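Enquirer: Assemble the whole structure, with the sequences as input and the hints as a guide.
Read off the chains here:
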Amino acid sequence: MLTIDWRTLYDAKDVLLAGMSITFQITAVAILCGLALGTVLAVLSLSPYRLLRNGAQAYVALFRSIPLVMLLLWFFLIVPQFLKALFDLPSSIDVRLISALVAYSLLEAAFFCEIIRAGIGSLPRGQMYAAQALGMTPMQAMRYVILPQAFRAMVPVALTQCIVIFLDTSLVYVIALGDFFRRMTAIGERDGTLIPMLLFAGATYWAVSTTLIATTRLIQTRWAR
Amino acid sequence: MIELKNVTKWYGPFRVLNGCSTHVAKGEVVVVCGPSGSGKSTLVKTVNGLEPIDAGEIAVAGVSVDNKHTDLPKLRAKVGIVFQHFELFPHMTVEQNLVLPQVKVLRRDADEATAKAVGLLERVGLRMHVDKYPGQLSGGQQQRVAIARALSMDPLAMLFDEPTSALDPEMINEVLDVMVELAQDGMTMMCVTHEMGFAKKVADRVVFMDRGAIVEDAPSDAFFAEPESQRAREFLAKILH
Chain A
1 MLTIDWRTLY DAKDVLLAGM SITFQITAVA ILCGLALGTV LAVLSLSPYR LLRNGAQAYV
61 ALFRSIPLVM LLLWFFLIVP QFLKALFDLP SSIDVRLISA LVAYSLLEAA FFCEIIRAGI
121 GSLPRGQMYA AQALGMTPMQ AMRYVILPQA FRAMVPVALT QCIVIFLDTS LVYVIALGDF
181 FRRMTAIGER DGTLIPMLLF AGATYWAVST TLIATTRLIQ TRWAR
Chain B
1 MIELKNVTKW YGPFRVLNGC STHVAKGEVV VVCGPSGSGK STLVKTVNGL EPIDAGEIAV
61 AGVSVDNKHT DLPKLRAKVG IVFQHFELFP HMTVEQNLVL PQVKVLRRDA DEATAKAVGL
121 LERVGLRMHV DKYPGQLSGG QQQRVAIARA LSMDPLAMLF DEPTSALDPE MINEVLDVMV
181 ELAQDGMTMM CVTHEMGFAK KVADRVVFMD RGAIVEDAPS DAFFAEPESQ RAREFLAKIL
241 H
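Chains as they are written, first to last, in my numbering: chain A, 1 to 225; chain B, 1 to 241.
Errors might be hidden in some of the hints.
Not the full set, but computed from the structure, chain B residues with beta-carbon under 8 Å of chain A [to be verified]:
| # | residue |
| --- | --- |
| 1 | N48 |
| 2 | L50 |
| 3 | F89 |
| 4 | K104 |
| 5 | V202 |
No wet-lab data here; the hints were simulated from the structure.
All of these numbers come straight from a predicted model, not from anything done at the bench.
Every residue, glycine too, gets a C-beta built ideally from N, C-alpha and C.
Expert: The structure is reproduced here in structure tokens:
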């Protein structure tokens, strides 16, 4: 019962690769948008203006305290209607994918915000003083002096977070989006081989994560001159 | 050049600066000394607005520092400051440390900024280290780069906040030599330092602070010959051996 039917897997390879492509799309978009929005949030949360600061902190607190599954379901229920109402979308576009991309990006922004804030916090206060003393505006100081150093300091934590994102994408299961995991279970359910298929899916996630971790280790040791 | 009038600052319930008034004329070298916790570092940092003040007035070259409408970045670009812990940017080479502020703040073109940077590094004896990162230099070398970086902005005046306190003893002189040369070239300087040898050699005036207040403000000859206050006499007795 636990033997894997390699023939079935081979036959389904196109479907599975398409699923893996969706998994990677969500991961990549979540990382890029999360990092961009997270940086903005981190800078806002350190702003001298209380309104901006509180707004950024409220955002982070909100997104960090909602279970991801619930977030996905909400976005699945809200975003498609919203998008359809806003732009007259053709029905061929998979709104599930779009709602997943939006949900993951907004959520990861909150996590990256905290990671970047910790990175900024790890720098000596004098760096900001020195930049401003040279006549840089607070934005210039952030851009040229603080953020480049903060990004370097946060690389290990951020890479870990990227792998967490990759693994968490499997939760799109709940909105019936055909990522790698969803498609594996579909095949398993169809053929009555759910357990071997789940094991194979798990092994695949393990292999990809391990490769990513090994690659990041390699990059880090190269960087650390 | 630098005017301070009744400068007062509170950290919560603690008054760090208590009605401090002094001035630094163009080309003058003023040394600020006093026991630790007396507010000397805070006082120099108020001059370029790094430490906001609660009362009093500060003007640099006629421009008010504590006025809300003053363009502080523009003013700060004209006042160099050297910190105790150097504060070079560790992710940039020595050359980039000197070039970036010139390009981004003064809008100089890259070639002009680089030429200026190399010239100044030559002057502080570090020409051969342009492509190194600050972490690869000794403390004394880093502090000399920090002085060169401040000078690259063509400042009207230079502030020094205990520039030699974080250095190993054998590196103090290489930094002081650069400062002495700068003073002799006629730079307007306000230096917080415990180096009384430096003060005797180049200072025009010495400002002695205690508990946030300026206790004595005298020509350096007079200050070292016979300080007026008991507190300054005790301080000198402890620091000079």
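Enquirer: Mind checking the CB of B:N48 against every CB in chain A and telling me if the closest is under 8 Å?
Expert: Nearest chain A Cβ about 6 Å off; hint holds.
Enquirer: Does B:V202 meet its interface restraint, that is, does its C-beta lie within less than 8 Å of any C-beta in chain A?
Expert: violated, 23 Å
Enquirer: With a cut-off of 8 Å, does the beta carbon of B:L50 approach a beta carbon of chain A closely enough for the hint to hold?
Expert: holds, 5 Å
Enquirer: Could you check if B:K104 really has its C-beta closer than 8 Å to a C-beta on chain A?
Expert: holds, 6 Å
Enquirer: Double-check B:F89 for me: the hint is only fine if its C-beta lies closer than 8 Å to a C-beta in chain A.
Expert: With a closest approach of 6 Å, the B:F89 hint holds.
Of the numbered hints given earlier, the model fails hint 5 alone.
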